[in-house]
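Asks: Take a look at the letters that make up each chain.
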Amino acid sequence: MIWGSVVMAAFAALWPLQRAIDRQQRSLPQAEGLLYFRSGRALRRWGLGYDGLLADIYWTRAVQYFGRKRLAHARRYPLLGALLRITTALDPHLLIAYRFGSIFLAEKPPGGAGEPQAALQLIRRGIVANPSYWRLWEDLGFIYYWDLKDYPMAARAFQTGSRQPGAYVWMKAMAAAVAAQGGEINTSRLLWTQIYQTAGTQDVRASAVAHLAALDAEQQISELDKLVERYRREKGRPPASLEDLVFSGYLRAIPKDPSGAAYTLARDGRVTLGPSSKVDLSLLP
Amino acid sequence: MISRIITIALHTCKESVREKVLYNLIGFALLLMAAAVLFGSISLGVDQIILINLGLSAISVFGLLIAIFIGIGLVSKEIERRTIYNILSKPVARPEFIIGKYCGLVLTLTINAAVMTAGFYVALFYLQRRLVGPDWIGLQCVYFILLQLAIVIGVALLFSCVTTPILSATFTFCVYVIGNFLSDIRWFGQESGNTSLLKLTSVIYYLLPNFSDFQTISQTAHGVAAPPYLVTANTLYALLYITILICASVLIFEAKEFR
Amino acid sequence: MFGLLGPNGAGKTTTLKILLRLVFPTSGTARLLGRKFDDPQIHRRIGYLPENPYFYDHLTAEEFLRYVGQLCGLSGGNLRHRVRALFDRVGLADFQDEPLRKFSKGMIQRVGIAQALVNDPELIFLDEPMSGLDPLGRRDVRNLILQLKAEGKTIFFSTHILSDAETLCDRVAVLHRGRLQGCGELRTLLQSAVSGTEILFENPSDEVLQAVAPFCSSIFRTGGRVRVTVPKESDVEKCLSVAIQLHAKLVSMNPVGMSLEDYFMAQVGGRLESAKRPGEEIPVSPRDDS
Numbered sequence: 001m002i003w004g005s006v007v008m009a010a011f012a013a014l015w016p017l018q019r020a021i022d023r024q025q026r027s028l029p030q031a032e033g034l035l036y037f038r039s040g041r042a043l044r045r046w047g048l049g050y051d052g053l054l055a056d057i058y059w060t061r062a063v064q065y066f067g068r069k070r071l072a073h074a075r076r077y078p079l080l081g082a083l084l085r086i087t088t089a090l091d092p093h094l095l096i097a098y099r100f101g102s103i104f105l106a107e108k109p110p111g112g113a114g115e116p117q118a119a120l121q122l123i124r125r126g127i128v129a130n131p132s133y134w135r136l137w138e139d140l141g142f143i144y145y146w147d148l149k150d151y152p153m154a155a156r157a158f159q160t161g162s163r164q165p166g167a168y169v170w171m172k173a174m175a176a177a178v179a180a181q182g183g184e185i186n187t188s189r190l191l192w193t194q195i196y197q198t199a200g201t202q203d204v205r206a207s208a209v210a211h212l213a214a215l216d217a218e219q220q221i222s223e224l225d226k227l228v229e230r231y232r233r234e235k236g237r238p239p240a241s242l243e244d245l246v247f248s249g250y251l252r253a254i255p256k257d258p259s260g261a262a263y264t265l266a267r268d269g270r271v272t273l274g275p276s277s278k279v280d281l282s283l284l285p
Numbered sequence: 286m287i288s289r290i291i292t293i294a295l296h297t298c299k300e301s302v303r304e305k306v307l308y309n310l311i312g313f314a315l316l317l318m319a320a321a322v323l324f325g326s327i328s329l330g331v332d333q334i335i336l337i338n339l340g341l342s343a344i345s346v347f348g349l350l351i352a353i354f355i356g357i358g359l360v361s362k363e364i365e366r367r368t369i370y371n372i373l374s375k376p377v378a379r380p381e382f383i384i385g386k387y388c389g390l391v392l393t394l395t396i397n398a399a400v401m402t403a404g405f406y407v408a409l410f411y412l413q414r415r416l417v418g419p420d421w422i423g424l425q426c427v428y429f430i431l432l433q434l435a436i437v438i439g440v441a442l443l444f445s446c447v448t449t450p451i452l453s454a455t456f457t458f459c460v461y462v463i464g465n466f467l468s469d470i471r472w473f474g475q476e477s478g479n480t481s482l483l484k485l486t487s488v489i490y491y492l493l494p495n496f497s498d499f500q501t502i503s504q505t506a507h508g509v510a511a512p513p514y515l516v517t518a519n520t521l522y523a524l525l526y527i528t529i530l531i532c533a534s535v536l537i538f539e540a541k542e543f544r
Numbered sequence: 545m546f547g548l549l550g551p552n553g554a555g556k557t558t559t560l561k562i563l564l565r566l567v568f569p570t571s572g573t574a575r576l577l578g579r580k581f582d583d584p585q586i587h588r589r590i591g592y593l594p595e596n597p598y599f600y601d602h603l604t605a606e607e608f609l610r611y612v613g614q615l616c617g618l619s620g621g622n623l624r625h626r627v628r629a630l631f632d633r634v635g636l637a638d639f640q641d642e643p644l645r646k647f648s649k650g651m652i653q654r655v656g657i658a659q660a661l662v663n664d665p666e667l668i669f670l671d672e673p674m675s676g677l678d679p680l681g682r683r684d685v686r687n688l689i690l691q692l693k694a695e696g697k698t699i700f701f702s703t704h705i706l707s708d709a710e711t712l713c714d715r716v717a718v719l720h721r722g723r724l725q726g727c728g729e730l731r732t733l734l735q736s737a738v739s740g741t742e743i744l745f746e747n748p749s750d751e752v753l754q755a756v757a758p759f760c761s762s763i764f765r766t767g768g769r770v771r772v773t774v775p776k777e778s779d780v781e782k783c784l785s786v787a788i789q790l791h792a793k794l795v796s797m798n799p800v801g802m803s804l805e806d807y808f809m810a811q812v813g814g815r816l817e818s819a820k821r822p823g824e825e826i827p828v829s830p831r832d833d834s
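Heads up: the sequence lines are chains A, B and C, in that order.
The working numbering numbers the first residue of the first sequence as 1 and each following residue consecutively.
The working numbering numbers the first residue of the second sequence as 286 and each following residue consecutively.
The working numbering numbers the first residue of the third sequence as 545 and each following residue consecutively.
No wet-lab data here; the hints were simulated from the structure.
There could be a bad hint or two in this list.
Computed list of lysine-lysine pairs in PhoX-like fashion (alpha-carbon distance at most 25 Å, straight line) [unchecked claim]:
#	chain 1	residue 1	chain 2	residue 2
1	C	Lys693	B	Lys299
2	C	Lys649	C	Lys693
3	C	Lys782	B	Lys305
4	B	Lys541	C	Lys580
5	C	Lys649	B	Lys362
6	B	Lys362	C	Lys646
Derived list of chain C stretches under chain B, where covered just means 3 residues or more per stretch with a C-beta under 8 Å from a C-beta of chain B [unchecked claim]:
#	region
7	596-606
8	629-637
9	672-683
Between beta-carbon pairs, the in silico distance windows are [unchecked claim]:
#	chain 1	residue 1	chain 2	residue 2	range
10	A	Asp22	B	Cys459	20 to 30 Å
11	B	Leu521	A	Leu71	25 to 35 Å
12	A	Asp56	B	Lys305	17 to 27 Å
13	B	Leu452	C	Pro643	50 to 60 Å
14	A	Gln24	B	Ala319	50 to 60 Å
15	B	Arg367	C	Val800	49 to 59 Å
Predicted, not measured: the structure shown is a model, and the values here were computed from it.
Idealized CB from N, CA, C, for every residue including glycine.
When you get a sec, could you build the whole thing from the sequences and use the hints?
Replies: Encoded structure:
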């Protein structure tokens, strides 16, 4: 009886203690986790033949690491590259790991690790291990196009990918578009739409949505800027707000950005996102 | 009562310290540290980080093996070999036996950890030719490891009151592994957005021993000490959890029949 | 000196374990030394040798005995003195610094007896003290028990070997399948069921065999000899006189001692109803008998 109640009492005391520890720990800057193995090859040797399972564990670790860091608004992801490298060394055919890496390893902070060169290496290794999978060429071209803005290289990657068996026809169109009009907003939108449609993980899909929203918002802002400029030319003075454009019949209503917030006119006379907007223009190059 | 608990603790320690397996484990841990010194010398700039990481990890891993090994022998081996009859037919109450045994094993573990820690500092001294202030953060880390292993012994004690040595070793190991992943498990529950899963993971989170706050090896390797509140909180946490485990074991042990 | 007899699996060890609180009874109670058996103080006054005892591998015999002595509240010079005396007594004085895992079965048994005696108990429980020992070891243990008896200790021991009980016990209880079959002096218990007299003839003629046949329950021929069993005591004399008249050569004549197993076989049928349950009060403190 006594022993039983002591057990209960101790559990009752343990609960607030654990909560207090959790609170304190959250307020601390998170120390980087430890990678016991830096090389996938060594781990493979130590893995006693369970490489498949180990790869899955490392893949989960990579995703969790990334998710947790992003939740904490981290600006650095120092272990992401290593985790993905180990994952793909353990299981070279884990395609999702390459595709995930191509987006988030290359993406600049805080959305990703900002290591486009590491992402290129990862994808190139993936192509060597999975030569018939044409989408890795798409990812390669994408990194060149979006993160490195190396349009000739991007075009070459799309071109090579389009020659792989089973590649979609638009890969060819993409190669042509990238070569002809690098940096065009429509090309970018097409690419991100592709990413969105073939995204294998929630993170990638969400990232594509955010990028598409940013692209749309940027396009809308530049249209609105043109209207403001026209107003100034025709009326001889700049509008005080976007409402002026509505009153004068330039707009039917105040336009909203993809996240549903209204655009506003800044003091310097330029159109910007509203204060409650969720669109992140810093995603754009 | 206290004197009987001390007697049982001392003799349990005397018995288990002489176990040959322990010498082998400690020997292996020391060998690993020596290897780390060699390994560090061919790598660049990070040699003492490697040594600290490897040395403290070795103390933790081999300490765990020792804790499980001696922990399962705590009650189930005594029952299996019937040595317990001799003790319980003496004027010894069953709670005294359990508490005494537990204390004896924690003492054994502390001795083993002390030997390994001494080896670790010898290796570190050999590497640096001196020991400076930040090096002693390792002691704090070893203290956390000891607290953790004291809980592990308690878990082994509880399991060995109900099942065979092999099974209790397996279960104890599982609890240790889960205990290290507890924060991940709860994070998973929070991320899933599923309320019943969140509830389940939260229950597990508060019920099983949570070791994630005891892991300070990599911080130690970078010369970062744990904040003072964590030392207090972890000590308190370990004491509470050990109390739970011992009381639960006594509860089971009091009703146990030795057929 | 009280013996608890019964074949393997009869419940002897369980009875002892119940009395020592290692197993809990489903019902009933017992008294030891005039106190209730679950009185926590009672363990100070009793000693127990488990069946096939086993001790810690890495302690020496002396360390183990000191350990047990400390648990019984002994310390300092008192303890040292007592441990030395016990080792002398069980004949292990030369081996007290050896680790227990190196001990032979007989030596272990002696350590077991020593640990049971460490608190100078009034009542000693010995569970199968002679099982697994060679003849020499059995004799040593038997002598030890007789010495204890001479010192006026009450000894309660269990065995399935009849001869041990016969040489040592004043009273016995017979247990079969958890039920008490009888309690009292061994001889009186078994006498009621003596199964007859065996007579051995050397090369008897057919004439002799025919003459004795009516009195016999069985006739066996082994080599030149013939063994006949006469169940009734009154027939033995008649049988003998007939044989002697025909000049038969008589080799030996023995009353057939009933084996414990035979006794059980005889008992299980008839006495089940009157058998006591083990949970009921068994008189465990036969001090007057020791």
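Asks: Hints first: check each against the structure and report whether it holds.
Replies: Verification of the supplied hints:
1. For the suggested pair Lys693(C) and Lys299(B), the alpha carbons sit about 36 Å apart, so the restraint of at most 25 Å is broken.
2. Our distance criterion of 25 Å between C-alpha atoms is met by Lys649(C) and Lys693(C), whose separation comes to about 24 Å.
3. Only pairs whose Cα atoms come within 25 Å are accepted, and Lys782(C) paired with Lys305(B) is rejected, the gap being roughly 74 Å.
4. This hinted pair checks out: Lys541(B) and Lys580(C) have alpha carbons roughly 20 Å apart, not beyond 25 Å.
5. Between Lys649(C) and Lys362(B) the alpha-carbon distance is near 20 Å, which keeps this suggested pair within the 25 Å criterion.
6. For the hint pairing Lys362(B) with Lys646(C), the CA-to-CA distance comes to about 19 Å; that is within 25 Å, so the pair holds.
7. Counting residues of the region 596-606 of chain C whose beta-carbon sits less than 8 Å from any beta-carbon of chain B gives 8, enough to reach three: the coverage restraint holds.
8. Only when three residues or more bring their CB closer than 8 Å to a CB of chain B does the claim for the region 629-637 of chain C stand; here the count is 0, and the claim is violated.
9. Residues of the region 672-683 of chain C lying with their CB closer than 8 Å to a CB of chain B number 0, which falls below the three-residue condition for coverage.
10. With their beta carbons about 23 Å apart, Asp22(A) and Cys459(B) fall inside the hinted range of 20 to 30 Å.
11. For Leu521(B) paired with Leu71(A), a C-beta distance near 29 Å keeps the hint of 25 to 35 Å intact.
12. As the Cβ distance of Asp56(A) to Lys305(B) is approximately 39 Å, the hint placing it in 17 to 27 Å is violated.
13. Separation of Leu452(B) from Pro643(C) is about 29 Å and departs from the stated range, judged on CB atoms against 50 to 60 Å.
14. In this structure the supplied range 50 to 60 Å is violated for Gln24(A) paired with Ala319(B), their Cβ-Cβ distance being about 38 Å.
15. Taken as a hint, the range 49 to 59 Å is violated for the pair Arg367(B) and Val800(C), whose Cβ atoms sit roughly 39 Å apart.
Of the numbered hints listed earlier, those contradicted by the structure are 1, 3, 8, 9, 12, 13, 14 and 15.
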